[in-house]
Each structure stands twice: as C-alpha cells, then as structure tokens.
Amino acid sequence: MAAKRYTSMAYANADEMTFGVSKYPVKAGLGLEIGAGYTIPEINYAPRPEAGASKEKLVKEYERITTDIMERMVQVGFPAIILETEHVQQMSNNPSWGAEVAHAQKTIMEKYHDEYGIKCALRHTIGDIRENREFMQLRGDKYSVFLEAFEQCAENGADLLSVESMGGKEIFDYAVLRNDIPGMLYAIGCLGSIDMEMIWTDISKIAKKTGTVSAGDTDCSQANTAMFIGGGLLNKNLAHTIAVIARAISAPRSLVAYEAGAVGPGKDCGYENIIVKAITGMPMTMEGKTSTCAHSDVMGNLVMQCCDCWSNESVEYHGEFGGTTVQCWSETLAYDCALMNTALETKNDKVLRDLMMLSDRYRDPQAYMLAYDNAYRVGQAIVKDGDNIYLRAKNAAVECCKIVEEGAADKLELSRFETKALADAKAALEALPDDMDKFMGDCLTKYKNEVKVFKPENYGL
Amino acid sequence: MLDFTEASLKKVLTRYNVALEKAMTPEEAAEELYPKDELIYPIAKAIFEGEEDDVVEGLEAAIDAGKDPINLIDDALMVGMGVVIKLYDEGIIFLPNVMMSADAMLDGIEYCKENSGATPKTKGTVVCHVAEGDVHDIGKNIVTALLRANGFNVVDLGRDVPAEEVLDAVKKEKPIMLTGTALMTTTMYAFKEVNDKLLENGIKIPFACGGGAVNQDFVSQFALGVYGEEAADAPKIADAIIAGTTDITALRDMFHKH
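In the order they appear, the protein sequences are chains Y and D.
Using my numbering, you'd call the opening residue of the first sequence number 1 and step up by one each time.
Using my numbering, you'd call the opening residue of the second sequence number 1001 and step up by one each time.
In short, the hints are calculated from the structure, not lab data.
Values in this document were obtained by computation on a predicted structure and should not be read as measured data.
Any given hint could turn out to be false.
Stated by the list, open to error - Calculated lysine-lysine pairs in the DSSO-like style (CA-CA distance at most 30 Å, straight line):
1) Y:Lys350 with D:Lys1011
2) D:Lys1022 with Y:Lys411
3) D:Lys1171 with Y:Lys426
4) D:Lys1171 with Y:Lys452
5) Y:Lys142 with Y:Lys55
6) D:Lys1121 with D:Lys1174
7) Y:Lys205 with Y:Lys384
8) D:Lys1022 with Y:Lys402
9) Y:Lys420 with D:Lys1011
10) D:Lys1113 with D:Lys1174
11) D:Lys1123 with D:Lys1036
Unchecked claim - If the Cβ cut is set under 8 Å, some of the chain D residues that face chain Y in the computed set are:
12) Asp1003
13) Leu1009
14) Arg1015
15) Gly1091
16) Met1099
17) Thr1185
Said to hold, decoys possible - Derived CB-CB ranges, DEER-like:
18) D:Glu1114 with Y:Lys4: 52 to 58 Å
19) Y:Val351 with D:Glu1165: 55 to 61 Å
20) Y:Asp410 with D:Leu1106: 41 to 47 Å
21) Y:Ser144 with D:Thr1014: 51 to 57 Å
22) D:Glu1028 with Y:Lys448: 23 to 29 Å
23) D:Thr1119 with Y:Gly322: 58 to 64 Å
24) Y:Leu461 with D:Lys1036: 46 to 52 Å
C-beta: ideal position from N, C-alpha, C; glycine also.
Next comes chain D alone, as it looks inside the complex:
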C-alpha cells in the first residue's frame, strides 16, 4: 500500500491542534484559578471535576461553618463554573467537561435553594426554543447549559415550539434575549414569524438564532435577528446585552463574523 515518509506527510497536512497544544494540563490550569478559601476551594474543584456528590458535600460543610446558602451560589458555585468557562473559552477543556460541570452546578444550586428560603439572583432571564416543526434539540440543550453555566436564568420552551407560544413566554418572562435554534432550512423560516409577532406586539429584544442550516445572511433578514455561529456565542451575546449593548445593529457588529 502507498504510504508517506514523515517528511512527505508534512507537505500534505498539518494537525494544528497538536502543533499548538498548550503546555499546561487542564488540571494544572484549573488549580491556578481556584479560590484559596478552604471552604470554597473543594466546591469549586468539585464543580470543575463535575462531581455532584462532592459539590453537595462541600456545600454542606460550608453551610455548617456558617456560610449563607444563597451567597454560596455566587461565591462558590459560580466561581467554580467561572474556572470551567474560562478554560473552555481558552480551548484548554472541551464541551463535555462544561456539560458535566453544569450538571453539578445545577445540583448545587438546588441544594442551596433547599437550604434557604430566599431566591437566588441571576444575571437575567433568557427564553430558549427550537423552531416550530423542528425536533432537533441538541444545539438548544448546549445553549441552555452554557447560559446557565454563565449565571443566566433560562426558560427552556423545548422543541417544535409554535410562534404564538414563544410570544406568550416572552410577554410573561420579560427576558433580556430570546434564542432560537433549528437544524433544517425549512423550519428556520419559523424564526421570521416569531420576529414579526414580537414586533407586532412592540417587543424589541435581541433574538439570537443559530443551528445546522441557519446562516448569518438568513438571520440578518429579520429585524431582531442576531446570528450566533457557535452555541458558546449565546452567553457572550447575553453578557453584551447586560453590559448595555441592546441595539441589534451593534450586536451584529460584535457577533456577525462573515
């Protein structure tokens, strides 16, 4: 069978992921970022490792030591998740690590809520849905996990959601942003209907759209549309909104890459 020599292979392809890999392991990078507080450290580390039971154990110890359960959401759980998100953004860890950490964080938040009468504050509410006629929801599930991991309250309407139901949810929840995902070219047309219904009702929130066949040109055709090429763009758009950029044109300038 034909084969390359080592030298000839390099003229045909380059595995850039190998060539550019960071020297530090994920665990070493995370260790540098954990808070030093001896009660918070094990919680943050358990979040990074995606170990639900260890998260709850750490929270239990911190609460027993006098920490306020609701404050622990921001001071421990979100700090741990912040380490995860930072390393994901830097390309040191991969999405499955984020998903497992997010699962652990949500269990931790539930535990904190159960141990306190108060309701935790979030960065804001985002309503998420999959376009009507479309049942492919893995993209939406990644978006919701990343939004929650970044401290947003997510109202997940699920898949195959009629435009009228999206409108009702937006009216009720008053989100800072709406997201829509679709896999197919035929179902993404439902985004336009959602956009029109929002405008008819005087609602002008950013409507972040993405997914398999969705592209920037299509999303730019409707007034509220902001295209997100990657699921990881969703929390970044939401962060930009709470930082004050609510104008659709300005958001497109920031996030439209093509």
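Bound-form chain Y, shown alone:
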C-alpha cells in the first residue's frame, strides 16, 4: 500500500490545538482512550545494566518495574497510566525475550486493572536492530527479525507498537558534524522518509493482524542527536539554529508513519510531534521537564503545550529516597497530568497551555520554532507540497529559518554565532534545486564518495 500523503492540516488554526484532546482519539489497552479529553502519564524506564545478562534476569527486572509503577499509581489515586518498554537490544534481537517481557508486564497490569479499575496500556518500542558492525542493513535478514519482534510482542501483551528508526543516520552523523544542511535534508527528509514508509507499512499490517495499535516513530536518532549535541546555552558543539532546522526537517519524516498506517500516540522524544499533531490530528506523547532524568533540554514546559500523553523519556531502574525511580517519575508525570486534566475540566486548558508555552518561548530558537503557533506554520509549509518528500522537507527547513529570523527581530535573542549559522544555513537552502530527482542524484554521488558506510541499496536506490 502506498503511503497516503497529507496535503492539508487537521486543525483549522493553531489555537484549536490543546493538550489532552486530539481529532482522532485512539482506544488502547485496558480501558484507555488516548487524546479523548484527558492527558495520560507515560512512564519509560531502562533495566539496570546487569539485568541484561539473561532472559530470566531481564523478565524479573521488568516485573519489578511494572509492579512498582502500578502500585504507586494506585497508592496516590491516579486513574490512568501507560508503560513504555524500550527494548534493550537483546529483546529485539531475540524476539522471544521481548515477548516474554511483554507477557509478564501485561499480566501484572491486568491484575491491577481487574482489582482497581485503573486504565492502562503497554507500549513496546522495538530496537532498530537493522545493522551489523560495519553497515546499516535496513533491508537484509535483520529486517525479518525486526518485524518478528513486533509481532511477538503484539501477540503477547503489547498494546502500542513503536520504534525509533534509524534510516538516514549514516549520512546525518556525517553531515551534522560539518554544518552540512543539504546532507541533513537528504538524510532525514529523503532517506529517513523512504525507510519510514517501508517499515510503517509493515508494522501497521502487524498491528491490524494482532489487534494492536500502530503508534508511531520519532526521529530520535537524528533530530535528537542534533539537540543533544547542541546541548545547553554554553555548549559549543552545534549552533542551536542548526539543531532547530534538523528538528523542522524531522517533522515530515516522522509524519510518514501516519501516512503509512500509524494512528498515534506518537512517541515521546519526537519533539517534532507538535507539528505532526497539527497536520494529522492524531494524539501525541511528548516529554520535557520530566525527562531531565535522561537529558536536559531548553523547552521543558513548552513541549507540554499540546501533549496527549506525558513522558519522562527514560530512567534507569534503581532506588531513590522516594522509592524506586519509576515510582518517583511516574508520580511526577501523573501530577502534571492531574493539573492539565483539571485545566481541561475547568475550561482553563488554553490558559495553562499558553503559560507553559510562553515560559520557554524565547529560551531558545528550538523552543521558539516549536511554540504551537510557529509549529503550525511549519506544518502548513509541509502540506503545501505534501506529495513530494524532498520539497516538503525543504519547505519545513525554509519556514523554520524564516520563523527564527522573525523571532530574532522580536524578543528571541540570538548570539552572533547563531545568527551567522542561521544565515549560512538559509543560503545553503536557497541554493538547492526544486527538482527532487536532481537533488537525490547529486546527493547520491556526493555521499557515496564521502561516507564509506553509506549503502544506497538500503533505500532501494
């Protein structure tokens, strides 16, 4: 099935969007309806390093994690929770491991649901294992194992299926360290989108077959790499005006999952999900101030503005003063959701949304572009040429530059360095052709020559 491209916006205007409400709510798991008028905490965790030594140890670790979370939710009186298990590589490389973990977790969740009525769902995020030591192997033997991991988890308890896929990453890693904007566009916008269409068509088939939810992807491996390398205000590894362009380009790439059958909720670390929500109307998970256990960002409140599920990214399982980490962080997430749900119930949702957005709006160019009114504009630029994966990615990048420039003329302060990096990026974008075939051909020649680990056959090129 060919992807059905978006050429229009789900929302008539930016102000129509808020948290906890989507155009197309998703029913999942044990009594949940996501994006249907309330927000839901989504806790994500990682086993302690030594737990990966055997399947038995790993299953036991996830049983502890799941029980701890469910117990804390009930103890403090929260009505709903989503658990996200991001696979460690052993669980995806050996699909039966992932399946056993899913089964063990779901058994515990069912017990709590039956006993207390707490609404819950289990997301399993399969690891993108499609590579060997030397090269990405997106379409080789590992692809079968990858799909098998989805199917086995879906058959054994997972309700929501996700992945952080890596198509284009070999080029992106090279380009981002060289301020190479066309390379980033090629990696995320073109190669990433090509790979996304293949995998999400297949994952959506598995979801349909197993009665589970094809939930969506995130450009963690590229846009988040840029954000992570960019770091804080004083870090000197990447201009934030470059990182924001990677983020803008990641939106049309992550959109492909929904064009190929996914229905949401999109995965937490997709900071681009606000743009995707504006285009699709589907529910999205987001993360920000509550993901400081995993990484810092410069928009901790702002990204909460239109979330449907609210996540902590990931935390290693271990003890803290207030309980285990998963108990502490799930409680924090759930209190945030309680506040948002109170705002929804008292019709103060748009006030709270705007307060969260404004508190970070001028903190950084990345935050500025992701403020819901500006994110909506990037969405419009994408759907304008929605049928062309290259042009829509280029449009997103160009609109992003324009938005940040306008911000800089207003109250968004940029350093001279950031201003110059933005100007250089804009010039690089202006020099690009409008013809996708020419761009793809030029990039194929250039990167085959410069990036030795680039294998065009991974993308059917």
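Chain Y is already provided as a structure; the job is to place chain D on it using the hints.
Okay, now just chain D, sitting in the frame of chain Y:
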C-alpha cells in the same frame, strides 16, 4: 496570545550565550594566532577554514620551497590545528569547525607522507572503541577526530567491539590510553569486562569512558576507569598521561567533576 514585555521576559530567562559572547569574531581571533612565516601562514589558515584543497596547495608550495614534508606536519598542519583547538577550547568556534579542520589536516598529513619516505612522529597511540552490542558511534567519531586533531595516533576499532578484540588491540598497539563509548545502559556494562580482561593480562592503562547513559559513578566502579563527560576531555586526559599523570586515582582527581 499571551506575551511578555521586554522587562517581564528578563525575569523569566537569560540567554547567557548572548550575554557573554566574546567581542572578537572567530576569524579575527584566528588571525592573531596564525604563524607569520609566509609559507606556513596559508597552510594554517586553510586548516582553520577546513579547505582541503588549499591545505594541499600550501604544502606543495612549501615543499617546492625546500621545506621537509614530515616537518611540515608539526610545523604547519599541527600549528594550524592548534589554532583551531585553542579557539574551540575558548568557546570561540564550535565542533563542526573542528571536524572540518581535522578532515583537512588528515588530508594534509596524507599528502606529506606521500611526499616523504619517513613516518611522522605522534604524541602517542590511543585505541578507541564502541562497547560490544552498541552501534551508536557518533560520540566515538568525535573523540577520534579530537584526538587526531591534538596530534595523537588513533587506532579506531569501530563499533560493537567484543572485549577480546579490544584486549588484542591493546596488546598489539601498546597505547597510552584506551577509550570506550556507549549510548545505552545495557551495553556500557561491557566496559567492566574489558577492564577485567586488561587486568587479568597485567595491563594497567587508563580506560577513558563516556557517552549517552554512561556516568561517573558507573565508570568509577572498575579499576582502570576514568570518566570523560565530554568528548573534548579525551585529548585532555591523553595529554595529562603523556605529561606524566598515569595513576588512575590522580586522573580521576583531575577529570571527575562530580
């Protein structure tokens, strides 16, 4: 839509990078640091600008004028790279500039080697790898580029490297330091295995570890571990080692920040 006034905004956030930006542009700062020799200057400047072709052109002119190709590595290429590293350390230029300069420097070194029968001397050898089970190698790629930019010979074992293979490489290369990077909590456990294998074989070199989920507490749990919070710490640790600090506790005192 709600918005701030200029005054109210300042009560909520400060963009310290803007407030503290240096007055001098990177180009002006670099100009002050280039050597004045008319044959060396264009090479150093081409390194700073990351222009491979100009580096080779400058080297060609210097060799034609009688300069020794191997000496040009230290006297021109490393001098240019020194300008880049100094400005990076001072926060005047950013990592992509360093990466592009390092690419140009490596092309220049190759050109010098091709034009001389001799082998250039380096500050020492460092073996670098990504932990077994982990294929995320952008951090390792930054580490190797920064080490090379600082004049070290790097033996890059790549990603997803079994502990036994790391041991074999250390035995063969006799490095001053080993580096290990990992993104995930589950794969970083491989560092302990590498550490144990080195000790079993009587090898006690510093093992600098860093990456996404890696933290100082974890690295401090194994005897040879020295935690590097930033990729830029790798050449600094290596420099400390060649300056005489080889004791792990002393290195931890210098580089552990938390």
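Each hint, compared with the structure:
In summary, the hint linking lysine 350 (chain Y) to lysine 1011 (chain D) is supported, as the alpha carbons are separated by about 23 Å, within the 30 Å threshold. Pair hint lysine 1022 (chain D) plus lysine 411 (chain Y) holds up; C-alpha atoms about 21 Å apart against a cutoff of 30 Å. Annotation: proposed proximity of lysine 1171 (chain D) to lysine 426 (chain Y) is violated, straight-line Cα distance about 49 Å (limit 30 Å). Only pairs whose Cα atoms come within 30 Å are accepted, and lysine 1171 (chain D) paired with lysine 452 (chain Y) is accepted, the gap being roughly 28 Å.
Pair hint lysine 142 (chain Y) plus lysine 55 (chain Y) holds up; C-alpha atoms about 20 Å apart against a cutoff of 30 Å. Annotation: proposed proximity of lysine 1121 (chain D) to lysine 1174 (chain D) holds, straight-line Cα distance about 15 Å (limit 30 Å). At most 30 Å may separate the alpha-carbon atoms for a hinted pair to count; lysine 205 (chain Y) and lysine 384 (chain Y) meet this at roughly 29 Å. Between lysine 1022 (chain D) and lysine 402 (chain Y) the CA atoms are separated by roughly 26 Å; this keeps the pair inside 30 Å, and the hint holds.
Using a Cα cut-off of 30 Å, the hinted pair lysine 420 (chain Y) and lysine 1011 (chain D) holds, with the two alpha carbons roughly 27 Å apart. At most 30 Å may separate the alpha-carbon atoms for a hinted pair to count; lysine 1113 (chain D) and lysine 1174 (chain D) meet this at roughly 23 Å. Distance restraint check for lysine 1123 (chain D) and lysine 1036 (chain D): the Cα-Cα separation of roughly 25 Å lies within the 30 Å cut-off, and the hinted pair is therefore satisfied. Because the closest C-beta pair between aspartate 1003 (chain D) and chain Y is about 7 Å apart, less than 8 Å, the hint holds.
Proximity of leucine 1009 (chain D) to chain Y holds as hinted, the smallest CB-CB distance being about 6 Å (cut-off 8 Å). Hint status for arginine 1015 (chain D): holds, given a least beta-carbon distance of 5 Å to chain Y, under 8 Å. Because the beta carbon of glycine 1091 (chain D) sits about 5 Å from the nearest beta carbon in chain Y, less than 8 Å, this interface hint is met. The criterion of a C-beta within 8 Å of any C-beta in chain Y is met by methionine 1099 (chain D), whose closest approach is roughly 4 Å, and the hint holds.
A distance limit of 8 Å between C-beta atoms decides the matter here; for threonine 1185 (chain D) the minimum to chain Y is near 5 Å, and the interface restraint holds. Between glutamate 1114 (chain D) and lysine 4 (chain Y) the C-beta distance comes to about 55 Å, which sits within the given range of 52 to 58 Å. Range check, valine 351 (chain Y) to glutamate 1165 (chain D): Cβ separation about 59 Å, and the 55 to 61 Å hint holds. Our hint of 41 to 47 Å for aspartate 410 (chain Y) and leucine 1106 (chain D) holds, since their Cβ atoms are close to 43 Å apart.
Checking the proposed 51 to 57 Å range against serine 144 (chain Y) and threonine 1014 (chain D) shows it holds: the Cβ atoms sit about 52 Å from each other. In this structure the hint that glutamate 1028 (chain D) and lysine 448 (chain Y) lie 23 to 29 Å apart at CB is violated, the actual value being about 38 Å. Checked against the given bound of 58 to 64 Å, the beta carbons of threonine 1119 (chain D) and glycine 322 (chain Y), roughly 59 Å apart, stay inside it. The hint said 46 to 52 Å for the Cβ distance between leucine 461 (chain Y) and lysine 1036 (chain D), and at roughly 50 Å that hint holds.
Violated hints, in rising order: 3, 22; the structure is consistent with all others.
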